[in-house]
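Asks: Single-letter residue listing:
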Amino acid sequence: MIAFEHVGKRYGGRFEALADINFRVERGEMLFLTGHSGAGKSSLLRLIMRLERPSRGRVLVAGHDLDRLHISQVPYYRRQIGVVFQDHQLLFDRDIFANVALPLTIQGVEPIDAGRRVRAALDKVGLLHRERALPIELSTGEQQRVGIARAVVNKPALLLADEPTGNLDPQLSADIMRLFEDFNRIGTTVLVASHDLALIARLRHRVLKLRDGRLVGDGEAA
Amino acid sequence: MSERQSTGPSRRGAQKPTRRSSGGGRAWLRHHRAMMSDSALRLVRRPISTLLTMLAIAIALILPAGLWLALDSARLVDAELDESATLTVYFDADVDESRAMSLAAEVGEQSGVAGTRLVTAAEGLAEFQQTLGVEDALSQLDTNPLPASVVVTPDDTDPAAVQSLSQRLQTLDGVDEVRLDLAWLDRLQQLAAVGQRVALALALLFGLGVLLVVGNTVRLAVESRRQEIEVVTLIGATHAFVRRPFLYSGAWYGLGGGVLALVMLIVGGNWLASPVAALAESYGAQFALPSLGTTHSAFLLLFSTLLGWLGAWLAVGRHLADIKPR
Chain A
1 MIAFEHVGKR
11 YGGRFEALAD
21 INFRVERGEM
31 LFLTGHSGAG
41 KSSLLRLIMR
51 LERPSRGRVL
61 VAGHDLDRLH
71 ISQVPYYRRQ
81 IGVVFQDHQL
91 LFDRDIFANV
101 ALPLTIQGVE
111 PIDAGRRVRA
121 ALDKVGLLHR
131 ERALPIELST
141 GEQQRVGIAR
151 AVVNKPALLL
161 ADEPTGNLDP
171 QLSADIMRLF
181 EDFNRIGTTV
191 LVASHDLALI
201 ARLRHRVLKL
211 RDGRLVGDGE
221 AA
Chain B
1 MSERQSTGPS
11 RRGAQKPTRR
21 SSGGGRAWLR
31 HHRAMMSDSA
41 LRLVRRPIST
51 LLTMLAIAIA
61 LILPAGLWLA
71 LDSARLVDAE
81 LDESATLTVY
91 FDADVDESRA
101 MSLAAEVGEQ
111 SGVAGTRLVT
121 AAEGLAEFQQ
131 TLGVEDALSQ
141 LDTNPLPASV
151 VVTPDDTDPA
161 AVQSLSQRLQ
171 TLDGVDEVRL
181 DLAWLDRLQQ
191 LAAVGQRVAL
201 ALALLFGLGV
211 LLVVGNTVRL
221 AVESRRQEIE
231 VVTLIGATHA
241 FVRRPFLYSG
251 AWYGLGGGVL
261 ALVMLIVGGN
271 WLASPVAALA
281 ESYGAQFALP
291 SLGTTHSAFL
301 LLFSTLLGWL
311 GAWLAVGRHL
321 ADIKPR
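For the record, the sequence lines run as chains A and B.
Sequential numbering from 1 applies to the first sequence in the working numbering.
Sequential numbering from 1 applies to the second sequence in the working numbering.
Hints listed in this document are in silico derivations from the structure and should not be mistaken for laboratory results.
Where is the CB? At the ideal position from N, CA and C, for every residue including glycine.
One or more hints might be untrue.
Claimed, not checked - Covered, in the sense of this in silico footprint (three residues per stretch, anywhere, with C-beta under 8 Å from a C-beta of chain B), are these stretches of chain A: (1) 68-78; (2) 195-207.
To be verified - Some chain B residues close to chain A (C-beta under 10 Å, calculated; not the full set): (3) Ala27; (4) Asp155; (5) Glu228; (6) Leu234; (7) Ala237; (8) Phe241.
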């Protein structure tokens, strides 16, 4: 599903954010990406989302060599990936339903079909009863769950999450992680960047560990 | 379409991204309709700033449109003048009435003459009295001081052709003088040509002005929806999708400005109509201010809408490049 081959990323020609990264992720896997802030987690996710291109090496996702992907194809590529952001990135000028429906609107899904799928996604994160609420009326944990519903509403093959539990207390964090495991069980490949080592250790999934832009660990959390 | 969406993760991965992979033309139309009304709603929700923008556009449109109308009316005057671009051939004072008639016939046979009208000495005097209202003074005269004359309508009103016709008529026996008043006609035509260029230059300048007004407004709109643009770009929106609402608001601004300009032109025209008619009346002329008419009104609206759309397109294109998701 994901393959990094000798990937390096430099910013401004000097700062080396990532150096010689190699790993493969099989379809249907669930894994964590850890490291201190500045270790290169965000850079790695940005490469997968094709927000940036590697300075060296190749990134392959879902059969696409991202470096050879034409700029006009990038939007269609991104539709195959669901992304959960640390600050959830909801749009505050529209209700929960419209926020979750956004990826379907972009893809031009029929409204009736879209409504059904939005409700299914909201039901999955336990917020079906709040579909007409505005994001501002929701708690931080609920907002994050709306962000997750939006990320999975078009059934992406790959789900990326960047510090999804960064602002949440341990109980809510555990709930969120359980949601990711649920999606993984139905076949979605899930990659979660997080520095919540205690939580990761409990979940027993593969962990990629970054330090100063290098991959220093790849295996199940000890 | 829905089947395609629900094929699940297993197949999606291998699927090559295709243009408008789901939805096709119907979804595209639906988004157009949605953005058309959504952008209109956004403008309606902020009536004052919307109206101010449209007003700025209207003012920029009115100046060239008004000047064009003025030139158009000058052209009407011009056409009337063309018809009255006649020569007057004065005969020698000793030419009597029967000789005048045969001379008039001779003039009429010259090439380049479309028509003639004989004005006998007596008729000339009567016309003179009527125009100047000096009946009393003239009735004191024992003899008629005016010669007989013939008014010649040339078949070609080109100044050079009229000039050469005048020279030929001058050489006829019994002709005292040929009068033509072409110099001022010439000047008027040159003035009209200058006016047309000024109108064109103004149209270009103010068209640019409309582009800038819309561009600046749309730039602010883009800035205020920066987060939304970042998010939709991250989840796979195409440039066209992101651009669409802004293009529609640009078009709405243009259309609204065009409608305002039309209204202002009509109101202004009515306001000017009666003094202009009175002024024309005092010159013994019939003259009504021209109005734009259906075709030209439609053209103005189309033009302003296109200008608004183009202004938005330029602004969005420039500023979308700046907005890269963090």
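Asks: All hints, please: hold or fail.
Replies: Right, here's what the structure says about each hint:
Closer than 8 Å: that is the beta-carbon criterion, and the region 68-78 of chain A has 6 residues meeting it against chain B, so the requirement of 3 holds. Three residues within the 8 Å Cβ limit are the bar, and the region 195-207 of chain A against chain B gives 0, so the coverage statement is violated. Taking 10 Å as the C-beta cut-off, the interface hint given for Ala27/B holds, the closest approach to chain A being about 3 Å. The restraint placing Asp155/B at the interface with chain A is violated, with a minimum CB-CB distance near 65 Å, outside the 10 Å limit.
Satisfaction of the interface hint for Glu228/B is found here, the shortest Cβ-Cβ separation to chain A being roughly 5 Å, below the 10 Å cut-off. Taking 10 Å as the C-beta contact cut-off toward chain A, the hint placing Leu234/B at the interface holds, the least distance being around 6 Å. Given the 10 Å rule on beta carbons, the hint for Ala237/B holds: about 5 Å separates it from the nearest Cβ of chain A. Taking 10 Å as the C-beta cut-off, the interface hint given for Phe241/B holds, the closest approach to chain A being about 6 Å.
Consistency note: the structure conflicts with the earlier hints numbered 2 and 4.
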